[in-house]
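All chains should be built: construct the whole structure from the sequences, respecting the hints.
Protein chains in written order, with numbering that gives the first Met the number 0: chain U, 0 to 355; chain Z, 0 to 355.
Keep in mind the hints are simulated off the structure, nothing from the lab. Be aware that one or more of the hints could be misleading.
Any copy will do: because identical chains look the same in the list, a pair fits if it lies in one copy or spans two.
Calculated pairs, DSS-like style, for lysine-lysine (alpha carbon to alpha carbon, straight line, at most 27 Å) [said to hold, decoys possible]:
#1 K68 <-> K107
#2 K296 <-> K309
#3 K54 <-> K347
If you want the building blocks of each chain, they are given just below.
2 protein chains.
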Amino acid sequence: MNVLNSYIVAALVVVYGCNNSPAVDHSESMQENDTIKEAGPISLVIHGGAGTIKKENMTPEKEQAYYEKLTEALNIGYAILDKGGTSVEAVIGTIQVMEESPLFNSGKGAVFTSEGVNELDASIMDGSSGMAGAVAGVKTVKSPIAAAYEVMTHSPHVMMTGSGAEAFARMQGLEMVDPEYFFTQRRYDQLMKIKEKEAAEGTTGMNNSSRNREFPDNKFGTVGAVALDQYGNIAAGTSTGGMTNKKFGRVGDSPIIGAGTFAENATCGISSTGHGEYFIRNVVAYDIAALMKYGGKTITEAAEYVIMEKLVEKGGSGGVVGLDRQGNITMTFNSEGMYRGFIYEKGKPEVFIYKN
Amino acid sequence: MNVLNSYIVAALVVVYGCNNSPAVDHSESMQENDTIKEAGPISLVIHGGAGTIKKENMTPEKEQAYYEKLTEALNIGYAILDKGGTSVEAVIGTIQVMEESPLFNSGKGAVFTSEGVNELDASIMDGSSGMAGAVAGVKTVKSPIAAAYEVMTHSPHVMMTGSGAEAFARMQGLEMVDPEYFFTQRRYDQLMKIKEKEAAEGTTGMNNSSRNREFPDNKFGTVGAVALDQYGNIAAGTSTGGMTNKKFGRVGDSPIIGAGTFAENATCGISSTGHGEYFIRNVVAYDIAALMKYGGKTITEAAEYVIMEKLVEKGGSGGVVGLDRQGNITMTFNSEGMYRGFIYEKGKPEVFIYKN
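Spelled out as structure tokens, the structure:
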């Protein structure tokens, strides 16, 4: 089982929070030893979206709910890896926990489009084979990440969209649901609030700069996972409901290989979350891999440069989680907070929300 | 008008054909002086698709038609640049000539989906601003590249899909057409031939490896253009009908920023054509830029490595055209042929079809 473990020996460097900021109290152990961790043959890092997440706007109950759900997702993914499962299996299992939780903007709990429906996007990439799959704009597939996996493994394609993607998912035997399944009152209320504001202003929402100031989190909450399995293989996946009040079949970075998701054993696996348009234009996930491959950067340096310098310069908010084949983990974001966490060999999940 | 010309002084290196192969007779001047050309403040390079294009399968009339249409496209783009137009304007004008020609798999002349319709994808990127726009799966927009431009300039988004993208294009006042406009008998016959074969074999086309051997060009014919204007700005664009008999809302690389199209003044502009799935998984267009930026490669070296080594190793056929801010041009492909050409300062278009 562990024949390949000898290849995985390097130190696990955990870059958590933002720009080397200290960990939250929630994880005191991190503050005592915040850069080098013991080597681990398996590891998993996740996010549940980045955005203007501030402690003063959070109730203790809500905070606790996030910590618990992130912990549950990590434990499920870890159990898959620990039993000899692949990184692809762990990514799917982990993301499905978050897709099924109304806390996150993916699957159940996804934000609403302008037309009051939920249109879901997801992608997955297997760093051992370089294969990838993605779906965009699906409305009736219970688990978009599972649909992305089917595209990767049971079609010659990488990306399928709309009703075509749904027909394919159905053909593959995936669980289909009534669009109503994705409804949550909280997300619907968010849409109504934005629509009321648009109506009052007489705007169409096509110039969303003012809207983004008013509703800074209308586009955040994407979930993602990156895993390293005991065979030394990396996989990454991302799943989202996109942007509240999105129009015109808008697709963000989550289903775009290279922007929202990328995995390559030789470099790293990355899952992005944030203002998708910036992540597409800057090819964020692959840019981190390219900096490692061609620029000789570590995953930490590469993520730091792309998220904290390049994106900040351009005004693109959000973050990434990722890991390399040595188990070095990054959780880098330039926003107020990012729901995030990791787990590795020892099997103790660490979860975080805020920058400080 | 020419205040910025002094910044554009480097030699124009033209890498034409495949892997340093000699030019076709069509362009004798190229054979005499095939590496270094005089500096040029404006230049334009285009493709009309790569694939199994062999002289023995071509009639002189058809060959002539391709040469003439490529020349026309180059002349129109050059005229825009020469009059002080921007690289974005030149890319659109050039691509529209090819979109309107039934010779290419884009706009009129696009291939048919499995359902017997034409679903068009396009993207554009402005290397001066880093802005980008894309549409996927549109059926009634006469010029998909114009729709991509509208997304880039008149929406906060990068990518729109399906009927949403069409509604947006209509709202922007673009010319809408009946889907019938895109019909060509030749492309319809190609679909029928594949469908007959599928029926005879009882296959669904979801395992397309055998289909691709039988119909090696079912997915080629995408068009693209990359321009450098007198202000030193690079733009790139790509427009396609995708793959004959495509199913399930399949989207290839053409509307994916980083895969089918990328432009950045500091590095290069690239437009891809070929087997889209490979181009997505390998983030081809951005990979060339990243090799220049982080790996210190020239555009020639970078394109050569990505197309002739990385893609060939993985079995991905196709090619790219591109240029950098110094006016160095690449037209690199690993297939039998690629409809292609370039024009620069002197205003004399050079067009090619075959490898040798």
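> Checked against the structure, which of the hints given earlier come out wrong?
Replying inline: none
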